[in-house]
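There are 2 protein chains.
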Amino acid sequence: MAERLIVIGGDAAGMSAAAQARRRRGTDDLEIVAFERGHFTSYSACGIPYWISGLVTDREQLVTRSPRTHREDFGIDVRLRHEVVGIDLVRREVVVHDLSGGVEVRERFDTLMYAAGAVPKKPAWARTDAAGVFGVQTLDDGSALRGWLDADPQPRRAVVVGGGYIGVEMAEALVRRGLSVTLIERGEQPMSTVDPDMARLVTAAMRGLGVDIRTGVQVTSLSERDGRVCEVVTDHGSIPTDLVILGLGVSPNTELAAAAGLPLGPTGGIRVDRRMRVSGVPGVWAAGDCVETLHKVSGLPVHVPLGTHANKQGRVAGINIGGGYATFGGVIGTAVVKVCDLEVGRTGLREREARMAGFEFVSVIVESTSRAGYYPGARQMTVKLIAERPSGRLLGAQIVGWSEAAKRIDTLAVALWNEMTVDDMTALDLGYAPPYAPVWDPVLVAARKAVDALAR
Amino acid sequence: MAERLIVIGGDAAGMSAAAQARRRRGTDDLEIVAFERGHFTSYSACGIPYWISGLVTDREQLVTRSPRTHREDFGIDVRLRHEVVGIDLVRREVVVHDLSGGVEVRERFDTLMYAAGAVPKKPAWARTDAAGVFGVQTLDDGSALRGWLDADPQPRRAVVVGGGYIGVEMAEALVRRGLSVTLIERGEQPMSTVDPDMARLVTAAMRGLGVDIRTGVQVTSLSERDGRVCEVVTDHGSIPTDLVILGLGVSPNTELAAAAGLPLGPTGGIRVDRRMRVSGVPGVWAAGDCVETLHKVSGLPVHVPLGTHANKQGRVAGINIGGGYATFGGVIGTAVVKVCDLEVGRTGLREREARMAGFEFVSVIVESTSRAGYYPGARQMTVKLIAERPSGRLLGAQIVGWSEAAKRIDTLAVALWNEMTVDDMTALDLGYAPPYAPVWDPVLVAARKAVDALAR
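Residue numbers (our numbering), protein chains in the order written: chain C, 1 to 456; chain P, 1001 to 1456.
Think of the hints as simulated: they come from the structure by calculation, not from any bench. Keep in mind that this is a model prediction, so the values were computed, not measured. A few of these clues could be false.
DSSO-like, lysine-lysine: derived pairs with alpha carbons at most 30 Å apart [said to hold, decoys possible]:
(1) C:K296 / C:K338
(2) P:K1338 / C:K296
(3) C:K296 / C:K449
(4) C:K338 / C:K122
(5) P:K1296 / P:K1449
(6) C:K449 / C:K121
(7) P:K1338 / P:K1121
(8) P:K1296 / C:K449
(9) P:K1122 / P:K1449
(10) C:K449 / C:K338
(11) P:K1338 / C:K338
(12) C:K296 / P:K1449
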């Protein structure tokens, strides 16, 4: 009889694992059943803001692989609208609730892949029955929001609470749809994923697009009228609105895992080893937004819910389930985002993170351009480097620019991954031609300035 | 009395060296005199094609620092139109010909910085007195060409001989000016700086723009009429033309150096040590297009005339002349070029170079996109990796794409610089967001395919 793999969660991590396991083991050897409580599999959650804004016209474009593809091309039995509501590690069974049929069944497994993703953070004030309050975590969430935006009466005003990646992307998406948008940020500035001196460039760009940004403001409650949200009440007054977006970040979706006794780490994510095995629980694997992972620079566990990690981790788990050997090497905190045509990239540690990890460091910021100054279309680019003192080892980098900026963070990410010092970096042989860079690439200019700062 | 530094050549390498030396030593301590035979200092030779095409409107935009800036802000005595015609290492003097005044003087030096750059390769057939034959090496060359293009009668046809970087950039520039352009390439394809399977994408793009590309064709002579070039004669017939561009590459400009007994290496470039000291000749330094340098991957000396190296090497020489310590770490062959909106990047070794260096290797090519497939503006991107067998160490990489492609080579350049294996590379934490990359960055997709190829 074939071994039976059950996958909880039909998005990036779970379906990557399933596909990799299948690549190595045929249907005679390994039966794969995946349960997904939503209506979609293998979609790009990161693409939702662009579908909301209208930049991506068709929801189906966000779906990489349909259940039918998984079934017919990969022999993976995907069951949509099936929510796993219990894990019995002793009997090796999951309890599954069929959301369409309403029945509950138990399904046997030999191997379990836990890939339940993340859930939007919901503070007490956000737990309301009023309609018009949306997370943007799943494609079902996105569909509900699109339904609300297209329904009669069409909403004209929106409040986005929280200025992380999803918050700023959604604020922009809604402005581009013609809504009047207020973004509420508890801290000093939105985009706290970069240092304040870099984040202020983003704040300025968003204000330029017409987003009403209110910082240092905390939401206390939501008011409703006729069952619909109508007002966001804050410690600095009330804001009337037709809808509310929760952009407060996400938490690992571990309710089921915790109930079954899977180990959780200090970040709240499931603890896994290098091969994505759930630590100490034989035959159970986990990957994606529900796990915590190692930050290679700080050496600390972190929860970084990004599709790129989910795909890599799922692939690693699947190779191992398939009988191969793969490990996940950890993360260094690389991320890029587009905000109002401004491009933002980061890798490694921010100043605050570096301080918390116990590093001593210097920071430098340089202004340069994306192309040779004389070449048409050259735009400003700001590069920040954080380097350990006195070793000079690169600890973190941030880039903000108007074009061709964000992906340059990869150059710095690879330097950081290899533990280069800023002094080593000044020698790097990077591509130069006037349409693409000044003769001293902004990355090199920044490295030189960091070397000078270390010498002082 | 102040030490006296004489700089031969007033462009990137020479003036970077002068500026760095000045940063560390005041005018009381170090007198700096720079001789430049042309009319300009510190300009971007790489920008000339864009000024020819009209994309850059003003020649002065290409000049980073004028002689006046050098003089007033840096205390560097720059003498334009002064050609050094002899070096006397025993008497520590240079013989200088004042091209405007016609006089010749001898100038004493304590320290000599040789930065005479490169000269266009001129086969026998190109040594003609006929007007209308141009190299594109210096800004004076560029000015002469612009003069020819703007003069009456305006040329309508051009022949570019040689399909390297300068050749393809000039072919495009002239097409954009409205000329009918033929490009003659002796080999199978232009852009032999990448492998043939990548170069054919460039050939197709250039033909798409209307460049008449003739490959496997060799020029045998030039015909002239009334002192002007009128025809390029080849082994496959003649091509009538109004001007000829020499795009056959450049050679280190070492005539003077050789006459003075400075050591030349196997590439014809001056041999220098890690600090840019001319090997075995005390007090003499060299940098830029006239020197040969170490290729870090092949371990062989190479001549790579690029502004980015000239600037870095000049800086290193200048820091050392100034009493500091710096070394030049060698090159890995990174280069980017824009051809007819196609973006081309390379780093490390091509297949042929890898073979010549004695490596065994596998090559893989993947097709991916610059952005998430569903994000507007996603364009095709082709990535090629060459990895040592069996170690998996990255030896070379090439990228061709339609947008946001070229500078991604830097990610691979840094990986290669750090001697990463393709297996290590699959774990890299690179930036992901739909406007900038698919969830599996093209670089990662290529690394995965290379790992598979190595396993076969």
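The hints, checked one at a time:
no. : hint              : in the structure
1   : C:K296 / C:K338   : 25 Å, holds
2   : P:K1338 / C:K296  : 36 Å, violated
3   : C:K296 / C:K449   : 25 Å, holds
4   : C:K338 / C:K122   : 25 Å, holds
5   : P:K1296 / P:K1449 : 25 Å, holds
6   : C:K449 / C:K121   : 40 Å, violated
7   : P:K1338 / P:K1121 : 23 Å, holds
8   : P:K1296 / C:K449  : 25 Å, holds
9   : P:K1122 / P:K1449 : 43 Å, violated
10  : C:K449 / C:K338   : 27 Å, holds
11  : P:K1338 / C:K338  : 25 Å, holds
12  : C:K296 / P:K1449  : 25 Å, holds
In terms of the numbered hints stated before, the structure departs from hints 2, 6, 9, listed from lowest to highest.
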